[in-house]
Amino acid sequence: MALRALHIIGLFLWSGSAMAHPAIDAFTTWCFKAGQTPARALANMQDTAGTPLPFDLTFWDTSLEPAPDAPAHAERRCEVAFDGDHVRDAVNAVQSKMATPPVFGTPIPLPAPYAAEPGTAYIEGRELLRGRVAVVHIGRRGARTFIGVDRLPAGMGLPE
Numbered sequence: 000m001a002l003r004a005l006h007i008i009g010l011f012l013w014s015g016s017a018m019a020h021p022a023i024d025a026f027t028t029w030c031f032k033a034g035q036t037p038a039r040a041l042a043n044m045q046d047t048a049g050t051p052l053p054f055d056l057t058f059w060d061t062s063l064e065p066a067p068d069a070p071a072h073a074e075r076r077c078e079v080a081f082d083g084d085h086v087r088d089a090v091n092a093v094q095s096k097m098a099t100p101p102v103f104g105t106p107i108p109l110p111a112p113y114a115a116e117p118g119t120a121y122i123e124g125r126e127l128l129r130g131r132v133a134v135v136h137i138g139r140r141g142a143r144t145f146i147g148v149d150r151l152p153a154g155m156g157l158p159e
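Residue 0 is where the sequence shown starts when you use numbering that gives the first Met the number 0, and the numbers rise one by one after that.
To be clear, the hints were calculated from the coordinates, so they are not data collected in a lab. Warning: the hint list may mix true and false statements.
[Said to hold, decoys possible] Each pair of labels, with its calculated beta carbon distance range:
#	residue 1	residue 2	range
1	Gly83	Ala111	28 to 38 angstroms
2	Glu159	Gln45	16 to 26 angstroms
3	Gly118	Gln94	16 to 26 angstroms
4	His72	Pro117	19 to 29 angstroms
5	Pro117	Asp55	16 to 26 angstroms
6	Met155	Asp68	28 to 38 angstroms
7	Pro158	Val102	27 to 37 angstroms
8	Gly83	Gly130	12 to 22 angstroms
9	Pro101	Ala153	17 to 27 angstroms
10	Pro65	Met155	34 to 44 angstroms
11	Glu159	Ala114	12 to 22 angstroms
12	Gly118	Ala69	35 to 45 angstroms
13	Glu159	Asp24	21 to 31 angstroms
[What the hints assert, rightly or not] Capping the alpha-carbon separation at 20 angstroms, the derived lysine to aspartate or glutamate pairs in DMTMM-like fashion look like this:
#	residue 1	residue 2
14	Lys96	Asp24
15	Lys32	Asp46
16	Lys32	Glu123
17	Lys32	Glu64
18	Lys96	Glu78
19	Lys96	Glu123
20	Lys32	Glu78
21	Lys96	Glu126
Remember, predicted model here, so these are calculated numbers, not experimental data. The beta-carbon is built from N, C-alpha and C at its ideal position, and this holds for glycine as well.
Working from the sequences, and respecting the hints, build out all of it.
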């Protein structure tokens with residue numbers, strides 16, 4: 000009986016959601032939250048995933064502080080990139096998070112200049128509150144998985 004219980008526990012622990020990569024957990028916990036500076040986002044991610052981070056983090060929010068290298072079409076970016084093929088787990092976790100109240104917007108056509116690139120597994124525009132738009136993008140670049148969300152400037156990217 001004890002052996003069977005261990006087998007069942009082992010199966011549960013090796014299921015996709017039970018063993019999600021720390022980058023997926025950190026992304027779904029923090030990347031949809033507004034009001035973070037890069038320093039605060041880094042600290043939040045480290046609280047979730049440990050120090051040093053086991054992934055690369057790209058984060059800026061030009062509505063809170065300057066980000067000279069930020070493209071004009073994105074006011075805020077949160078992206079994690081990490082080794083291995085974790086795309087399926089990432090898509091499942093992000094879609095689940097977006098569907099959990101408070102729901103992360105509603106799907107809309109993908110706004111310019113966003114488009115699927117080689118390795119894209121999921122890309123979607125989302126209409127948020129107050130006339131805002133976000134683009135969620137998941138895929139692989141080489142041997143690395145990436146998960147990103149950009150928030151566009153107010154009024155940009157809405158379907159006409």
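So, going through the hints one by one against the coordinates:
Restraint check, Gly83 to Ala111: a C-beta distance of roughly 31 angstroms satisfies the suggested window 28 to 38 angstroms. The given range of 16 to 26 angstroms is broken by Glu159 and Gln45, whose C-beta atoms sit roughly 42 angstroms from each other. Separation of Gly118 from Gln94 is about 18 angstroms and conforms to the stated range, judged on CB atoms against 16 to 26 angstroms. Between His72 and Pro117, the C-beta spacing of about 20 angstroms keeps the proposed range 19 to 29 angstroms intact.
Between Pro117 and Asp55 the beta carbon distance is about 19 angstroms. The supplied range of 16 to 26 angstroms therefore holds. A C-beta distance of roughly 19 angstroms is found between Met155 and Asp68, which places it outside the suggested range of 28 to 38 angstroms. Here the CB-CB span from Pro158 to Val102 is close to 18 angstroms, at odds with the stated 27 to 37 angstroms. The supplied range of 12 to 22 angstroms is broken by Gly83 and Gly130, whose beta-carbon atoms lie about 38 angstroms from each other.
Checked against the hint of 17 to 27 angstroms, the pair Pro101 and Ala153 passes, with Cβ atoms roughly 19 angstroms apart. Roughly 19 angstroms separates the CB atoms of Pro65 and Met155, a value that falls outside the hinted 34 to 44 angstroms. At roughly 19 angstroms, the beta carbons of Glu159 and Ala114 sit within the given window of 12 to 22 angstroms. A hinted range of 35 to 45 angstroms is violated for the C-beta pair Gly118 and Ala69, which are about 23 angstroms apart.
One distance hint, 21 to 31 angstroms for the beta-carbon pair Glu159 and Asp24, is violated here, with the actual separation near 37 angstroms. The suggested pairing of Lys96 with Asp24 holds, with an alpha-carbon distance near 10 angstroms, which does not exceed 20 angstroms. Between Lys32 and Asp46 the alpha-carbon distance is near 15 angstroms, which keeps this suggested pair within the 20 angstroms criterion. Distance check on the hinted pair: Lys32 and Glu123 sit about 18 angstroms apart at the alpha-carbon level, within 20 angstroms; holds.
Only pairs whose Cα atoms come within 20 angstroms are accepted, and Lys32 paired with Glu64 is accepted, the gap being roughly 16 angstroms. Between Lys96 and Glu78 the alpha-carbon distance is near 16 angstroms, which keeps this suggested pair within the 20 angstroms criterion. Our distance criterion of 20 angstroms between C-alpha atoms is met by Lys96 and Glu123, whose separation comes to about 14 angstroms. For the proposed pair Lys32 and Glu78, the alpha carbon gap of about 13 angstroms is at most 20 angstroms, so the pair holds.
For a cut-off of 20 angstroms, the pair hint linking Lys96 to Glu126 stands: about 16 angstroms separates their Cα positions.
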